[in-house]
Amino acid sequence: VMHHFATKNALVLEVFNDTMAKFEAEVDMAMDKDPVRYGSFTRAYINATISLGEKGQHEFDSQATLYALMLGDSELRDLWAEWANVQLKKHEATDNTETLCMVRLVADGIWLSDFSGINISDKKSLRERLLKMTQPEHE
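In the working numbering, the protein residues as written are 426 to 564.
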């Protein structure tokens, strides 16, 4: 695979962009199926983020390695921040509340726990609670 890329960094960047495109497609597909506009980005983000830890071990290891690289690589962090900021702006009308922000941050924490091997006793229940917090009547 390396012979297709000029540098290791170019390979990592391409894999990162591919992974982000798949993540975004998963989020967009979930939003398209969601009948409630309010909080739809956050619900899709919760499910896509938490499901990263529920995928097959090989896929999880690949994504985890990539995200771990992101933590130490300013270029990848910038790409992630750019993607996240574009999404937040794009969904500002439906997902710009303090509660929805907290819920997305908790989803990130659940993913980080999965990545780190920290056991969460009832992740399914936690996910359901987070999803309930994204409903308009919860605000």
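These are computed hints drawn from the structure, not numbers from a lab. As the structure is a prediction and not an experimental result, all values here were calculated from the model. All residues carry an ideal CB built from backbone N, CA and C; glycine is no exception. One should not assume that every hint holds.
[Unchecked claim] Label-pair distances were calculated between CB atoms; the ranges are:
#1 433 x 546: 37 to 45 angstroms
#2 462 x 439: 28 to 36 angstroms
#3 476 x 563: 16 to 24 angstroms
#4 460 x 523: 31 to 39 angstroms
#5 442 x 562: 36 to 44 angstroms
#6 562 x 430: 44 to 52 angstroms
#7 499 x 530: 15 to 23 angstroms
#8 435 x 549: 34 to 42 angstroms
#9 544 x 515: 18 to 26 angstroms
#10 507 x 537: 19 to 27 angstroms
#11 462 x 434: 20 to 28 angstroms
#12 430 x 554: 41 to 49 angstroms
#13 527 x 503: 23 to 31 angstroms
#14 503 x 553: 29 to 37 angstroms
- [ ] Taking the numbered hints from earlier one at a time, note which ones the structure violates and give those numbers from smallest to largest.
- [x] Failing hints, ascending: 4, 9 and 11.
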